[in-house]
Amino acid sequence: MKSFAALFTAIDQTTKTTAKTAALVNYFTSASDSDKLWCIALFTGRRPRRAVTTTQLREWAAERAGIPLWLLEDAYPVVGDLAETIALVLPPVTGSTDRGLTHWINALRALSKVEVEERKAAILSAWDELDATQRFLFNKLITGGFRIGVSQKLITRALARATGQDEPSVALRLMGQWTPGNTTYHALIEAEDAQADGSRPYPFYLAYQLDFGPENLGSPEAWQAEWKWDGIRGQLILRSGDHHVWSRGEELMTDRFPELARALDHLPGGSVLDGEILCWNYADDAPMPFNILQKRIGRKVVPKKLLTETPVILRAYDLLEWGGEDIRHRPLKDRRRLLETAFEALPSEAPLRLSEALPFQDWSDLATIRATARERHAEGLMLKRLDSPYLSGRKKGDWWKWKLDPLVIDAVMIYAQSGSGRRANLFTDFTFALWNGNDLVPFTKAYSGLTDAEFRKITAWVRKNTLQKFGPVRQVTPEHVFEIAFEGVHESPRHKSGLALRFPRMSRWRRDKPIQEANTLDDLRAMM
Amino acid sequence: MDVLRFTDRGIYCPAGDFYVDPWRRVDRALITHGHADHARWGMQRYLATHTAGPVMRHRLGDITLEGIAYGEVRRIGDAQVSFHPAGHVPGSAQIRIDVGGRVAVVTGDYKLENDGFSEPFEPVTCHEIVTECTFGLPVFKWAPQAVVAAQINDWWAEAAAQGRHCLLGAYSLGKAQRLLSMLDPDIGPILTHTAVENTNAVLRGQGLTLPDTIQVTADLDVKSLAPAMIIAPPSALGAAWGKRFGPATTGFASGWMQLRGIRRRRAMDRGFVVSDHADWPGLNEAIKMSGAEKIYATHGYTDIFARWLRSEGFDAEVVPTEFGGDEDEAETAPEVVS
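So the protein sequences, as listed, match chains A and B.
Here the first sequence stands for residues -14 to 513, numbered as in the working numbering.
Here the second sequence stands for residues 24 to 361, numbered as in the working numbering.
The set of hints was computed from the structure by calculation and includes no laboratory data.
Since the model is a prediction, treat every value here as computed from it, not as a measurement.
Hints are supplied without guarantee of correctness; some may be wrong.
Heads up, simulated DSSO-like pairs for lysine-lysine below, C-alpha to C-alpha not over 30 Å straight-line [what the hints assert, rightly or not]:
1. A:1 <-> B:317
2. A:138 <-> A:98
3. A:1 <-> A:454
4. A:-13 <-> B:164
5. B:164 <-> A:442
6. A:105 <-> B:164
7. A:442 <-> B:317
8. A:-13 <-> A:105
9. A:454 <-> B:317
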């Protein structure tokens, strides 16, 4: 594990992408195949099944450190990470061995088959053998969440460099359902790629936000405009009589959206579509609002009633594979023509709709169209260059999202809670309220949007203005007004205010406003 | 009568009618050390160790200050007071107060490890102790100074090999000079920010040995400079001041660098765990060595530390102070940038 710890340290000690890539390349050219495979798995969010609970871990660590459990629990929010807290409280290392990453992962995997006393003995002896950084990483293997500033893009680049392949082919290899249990480093990264798994998706192409208007994008004729739908991005794969639905986060969602199976009745095998999953009102032939789709997202098994009331469709905007052939390199206008032809004769009961290209004369014409997005249940517009290939990952230049400006409301901060990880010891999670008569009614939480300096300032203020503590939550003097930006508001019986916001965040600290000038619940309701 | 009372002006000794490190104006103040949250402006009279004096004058200007030697016993009213090395920074002291045989000690800030630079900590036996607990959690354990010194010098040597400068952030009184004393001057030149160099001059003037340093001035020729170690207050690093050194690698030295979250928030390349405060084992050891039966925890993770001491069988309670703030004031680290 020493070399994996050295890799982690090298990555953790720099904010520079080039240095991180170099450290990864170095690891991928020196570690054993099984260690490399696990390293890729961990950094792409695949971790071994949890063999011990975090409660057990806390108890055993406190016992070994000779401190009461409450003391470890109290130290945890200051550190902001359980794996790190445990690594820090344990007594200094006694022995030192150097077994590889795979050894420790296999040791953890073996634990699920043994009694709890044996598990405890194994964890304690592992702690004895590992130094501080290795202990932290070992604990991370158990608690999960290797967020150490390595993106999928970075892993892809480093692997491409280490193996002499191009980045898109490596990106494609890393997609799909593989785990270190069902493949090898050779099969995943090096082998001829003919026997690829039939469910494997293509890497998604992601758009950048267009912060100013499209005037700098050149001639409007070179661009296709579409609505930016307010659903979830999905890739529908139709191959060999089977269908697979992937989320942008590379999660297989096939069972969550069983109605998409019927796409097989309407499109030929060897087709892969990129589009937006939306709840569909067939009677009006229009999308339902996002909060209806939300009821579906969390359900792994969908009750029949929900299926009938909230059916989903795929609103397709791109065709990535056709007739079994990868056509991502062809220009958008060609892929579009094929897509439109495929969708031409679809009956209305098919769970498929085309995301139509919007005709427009010039940029100001398009701006007028964009202003009507909310009426169309859209978040704004997508702009795609007609001669662009389908790239992978977030690349600047060919795809832009031109969202509507968010809705905003001025609200009063009434509760604060400290964050975790990088935000440990800073108050970053706030609850906001609006006026209802003379009462302040809580209506949303928000965590993001302020600068580090602003978070530090508000943290100092919270400490001096705490009225009451409820566990980690502090009620504060109602004194500060923040502008809350959000994408939409809908009825929600679960919330005290009866309303829920979509993507709330702090857009401005309104130090100029006294709390009396904050908005009311009625103001918010009027925005529905 | 109580030896000490805890008032809204600070820690008060009624028998001697004086305060220790008061935060509001009082007639007579006994000062543990020169950091700004302990030695405040506006007292009628100050009493501090001879070594602490020059820095206090440098910072507070024209004050009425009397010096006292370590171990020298002085009578103030009905109290006998003496100052004993706290190992925090040069001149720092624990203050022992004896009233009719009942002894209290106010530690001020302290650390147990001998940094080879401050007068080493000496345990003082007492009935009651007022102890800081800035790092009063079991996650804070410092590596020996030699280990951290090697990390810093390795970092410097590696950067020097790539032709880059090292910018190291540290508070200007105490920490900066301790770091200077840990550096290997054979690696390259050592540069300092004016705030650091001013304190260096005061300490050198009273006989402390520091390696040779070059003060960074406007006309400094950065281009002709060999890869250097540059020590500056943290606030200067991100500012225009730090930019003149080109693509330097940045580091920060503080006990808080033990925590990865705080280290990452600093957005520096390296965090070095160097503290002039006692770590968790140090706090516990200091309390045991004092033999005190009553412990007052102040400044830091007071609630948690006092609860821990009670669970260990001590009579411990929390004393509110205005040295810094409450337990979660981790980021506004309780040391002060001048």
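*Numbered hints the structure breaks, given as an ascending list*: 1, 2, 3 and 7
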